[in-house]
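Trainee: These are the residues of each chain, in order.
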Amino acid sequence: MTTNKIYESILPTRPWQASMKDRLTTGFVLVFALFIATLLVKITGLSGKLGFFVVFVIVFVTLTSGREYRRFGSASAKDALVNALVAVGTFLTLIPIGSIIFEVISKGYKGIYLGLFTSDMSLNSPNDPANVGGLGHAIIGTLILVAIALVISVPIGILTALYLTEIKGKFSQPIRFLVQAMSGVPSIVAGLFILSAILYPITKQNSAFLGSLSLAILMIPTVARTSEEVLNLIPNDLREAGVALGGTQWRTVAMIVVPAAKSGLLTAVILGVARIAGETAPILLLAGGGDRFNLDPFSGPMGSLPYFIWNSFKSGTPESIARAWTGLLVLLVVLLFLFSAARFLGNRKVGK
Amino acid sequence: MSTENNGDQAKMETTTTPSSLSSVASASKRKAINSQPMGTGLEARGVHAWFGKHHALADVSLDFAAGTITALIGPSGCGKSTFIRTLNRMHEFIPTAAMAGQVILDGKDIYDPSIDVTKIRLQIGMVFQKPNPFPSMTIGENVLSGLKLAQLKTENKDDLLEECLVKAGLWNEVKDRLNAHGGSLSGGQQQRLCIARSLAVRPQVLLMDEPCSALDPGSTLRIEETIEELSSNMTIVIVTHNMQQAARVSDYTAFFLSDGGPGQMIEVAPTNEIFARPRDKRTENYVTGRFG
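So the sequences go chain by chain: A and B. Numbering of the first sequence is given in this note's numbering, commencing with residue 1 and proceeding in unit increments. Numbering of the second sequence is given in this note's numbering, commencing with residue 353 and proceeding in unit increments.
With a straight-line cut-off of 20 Å between C-alpha atoms, the simulated EDC-like cross-links for lysine to aspartate or glutamate are:
{"#": "1", "chain 1": "B", "residue 1": "505", "chain 2": "B", "residue 2": "515"}
{"#": "2", "chain 1": "B", "residue 1": "505", "chain 2": "A", "residue 2": "79"}
{"#": "3", "chain 1": "B", "residue 1": "509", "chain 2": "B", "residue 2": "528"}
{"#": "4", "chain 1": "A", "residue 1": "110", "chain 2": "A", "residue 2": "319"}
{"#": "5", "chain 1": "B", "residue 1": "482", "chain 2": "A", "residue 2": "237"}
{"#": "6", "chain 1": "A", "residue 1": "21", "chain 2": "B", "residue 2": "464"}
{"#": "7", "chain 1": "B", "residue 1": "471", "chain 2": "B", "residue 2": "458"}
{"#": "8", "chain 1": "B", "residue 1": "500", "chain 2": "A", "residue 2": "79"}
{"#": "9", "chain 1": "B", "residue 1": "482", "chain 2": "B", "residue 2": "562"}
{"#": "10", "chain 1": "B", "residue 1": "471", "chain 2": "B", "residue 2": "444"}
{"#": "11", "chain 1": "A", "residue 1": "78", "chain 2": "B", "residue 2": "468"}
{"#": "12", "chain 1": "B", "residue 1": "405", "chain 2": "A", "residue 2": "8"}
{"#": "13", "chain 1": "B", "residue 1": "519", "chain 2": "B", "residue 2": "581"}
{"#": "14", "chain 1": "B", "residue 1": "471", "chain 2": "A", "residue 2": "79"}
{"#": "15", "chain 1": "A", "residue 1": "78", "chain 2": "A", "residue 2": "22"}
{"#": "16", "chain 1": "A", "residue 1": "107", "chain 2": "A", "residue 2": "128"}
{"#": "17", "chain 1": "A", "residue 1": "21", "chain 2": "B", "residue 2": "468"}
{"#": "18", "chain 1": "A", "residue 1": "110", "chain 2": "A", "residue 2": "128"}
{"#": "19", "chain 1": "B", "residue 1": "460", "chain 2": "B", "residue 2": "444"}
Take a look, some chain A residues computed to stay more than 12 Å from chain B by CB distance:
{"#": "20", "residue": "40"}
{"#": "21", "residue": "50"}
{"#": "22", "residue": "55"}
{"#": "23", "residue": "88"}
{"#": "24", "residue": "96"}
{"#": "25", "residue": "127"}
{"#": "26", "residue": "131"}
{"#": "27", "residue": "170"}
{"#": "28", "residue": "196"}
{"#": "29", "residue": "239"}
{"#": "30", "residue": "247"}
{"#": "31", "residue": "264"}
{"#": "32", "residue": "278"}
{"#": "33", "residue": "295"}
{"#": "34", "residue": "347"}
Hints are computed from structural coordinates only; laboratory data are not their basis. A virtual CB, placed ideally from N, CA and C, is assigned to each residue, including glycine.
Take these sequences, add in the hints, and give me the full structure.
Mentor: Structure follows, in structure tokens:
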């Protein structure tokens with residue numbers, strides 16, 4: 001600790017990061033590029049947002065790499081060019097995502113009121129004004145549907161991945177092929193399959209459980225494929241070390257391989273949930289999409305947020321369309337909450 | 353080294369170096385052992401390193417004269433690997449990393465914003481602890497990969513390929529299978545391939561971070577011979593846990609130690625002095641094996 005005292009006056013620096021002057025210059029280049037783009041769009045025949053964007057990108061990229069060329073020469077300029085193009089690409093990806101979120105929030109927030117979460121639509125039609133009725137039943141329905149699908153598909157998906165990566169049995173190749181093929185199955189096909197295999201011949205009534213079964217069909221391939229990729233990344237040294245300590249394969253996989261891949265497996269599950277949470281068709285066919293609270297997954301129709309949105313849009317009045325946007329906003333928030341919770345639980349340090 | 357460097361060293365000492373570490377400066381006054389030093393030297397001035405809030409390395413000033421081999425020794429966690437990585441700006445790849453001080457090459461601080469970092473790494477090569485030939489390339493392609501990465505032109509690729517492999521002591525073993533994959537070589541051969549690879553871009557300085565730690569004694573011996581041959585025209589800095597190795601290959605040895613706080617350089621001297629007459633008690637304990 002004494003050594004620390006002596007060096008208190010010396011401050012850590014990061015000379016490799018851009019200096020204030022560099023950042024100011026970048027800011028200036030950005031503003032200048034915007035200015036030039038505006039000017040060119042005004043003067044020449046180029047018009048609209050696209051023309052503006054193209055001009056802006058060209059000017060910005062040229063200026064940035066030109067500046068780097070003056071500092072360090074052509075290799076560095078190419079580096080800067082590629083960096084700038086990557087940044088533009090990232091920005092382009094963010095545009096649709098950003099505008100979707102913006103649109104949903106700006107159109108959906110008006111319909112938010114407390115009763116929305118505690119009431120259902122059993123006494124209202126979608127055409128009623130936004131301050132009556134609610135989508136509590138749809139939130140509960142979505143959670144139940146997803147939860148059951150999760151319970152069915154996560155074990156099956158991860159066990160399939162373990163078969164493919166750990167056991168590497170005779171059927172690995174055909175199973176891998178089947179899983180891959182299954183991941184392309186449209187949701188309506190999964191819905192129709194359960195409909196004709198279980199609903200018509202056996203249960204003869206709508207239920208959330210059947211909806212979840214079809215959702216599980218959609219979710220299993222995603223979970224299995226992603227888990228397989230993740231498990232393949234675990235170095236073989238770890239498996240050998242576990243086995244060399246006298247562990248059986250099962251103990252090694254359970255104690256070492258799976259915990260090492262935990263965060264990746266969680267991602268697999270999240271991707272799986274993302275695949276099914278917004279599905280509408282199987283819900284429509286199997287769960288039936290009710291408009292009242294129903295907590296029993298095995299009998300009677302159950303609503304879900306995607307169904308609520310679809311149903312509201314279908315009505316077509318201004319009130320019902322506004323209600324649909326509110327439903328979309330709630331669906332986004334519910335998903336965000338689910339994913340954040342999963343990340344939080346998954347990243348929690350064990351024993352601390 | 354020139355007198356100018358010594359002047360800088362003295363000036364620096366008055367500003368940043370605590371007097372307890374003044375042994376550092378005296379070593380820099382000793383001239384290179386080789387009669388005709390080539391390449392350029394490298395000089396660290398008051399280098400500190402941090403990982404986040406953790407102060408990993410404190411105030412290391414060390415002069416690597418041109419054409420000399422300097423070994424960095426010390427127990428695990430004493431900051432020697434961190435130090436060697438500050439010498440060619442690899443330290444900054446760790447997201448939380450920070451540093452202070454200067455590293456002088458050709459009279460310029462390599463951390464100066466006006467310096468192109470890729471050119472620095474071209475001049476200061478590095479060989480890593482674990483052999484890491486590029487998996488998608490053949491032996492020949494591996495050796496010449498630096499030229500492609502840095503887009504350098506060369507007159508005669510075959511000559512350069514042979515020259516580098518000969519220098520790295522690998523030519524005779526691989527000359528008939530230059531188109532085989534690098535991964536098909538043994539560990540020791542792979543490491544010599546990595547040395548050949550770093551030679552092809554003709555660095556002035558070669559940093560080696562425990563290059564023999566994963567190798568058998570035979571391969572270690574071959575690489576030590578390679579290092580000695582190379583030092584005739586480049587400056588070499590080698591981190592090693594093996595004190596016999598330091599004694600065998602190096603002209604100078606620097607001893608690093610952490611007393612629970614940041615790692616520090618305790619002592620630097622010509623290698624025979626460090627092992628025969630260490631000035632610091634802690635160095636003596638370490639080199640005689642009573643510690644660490």
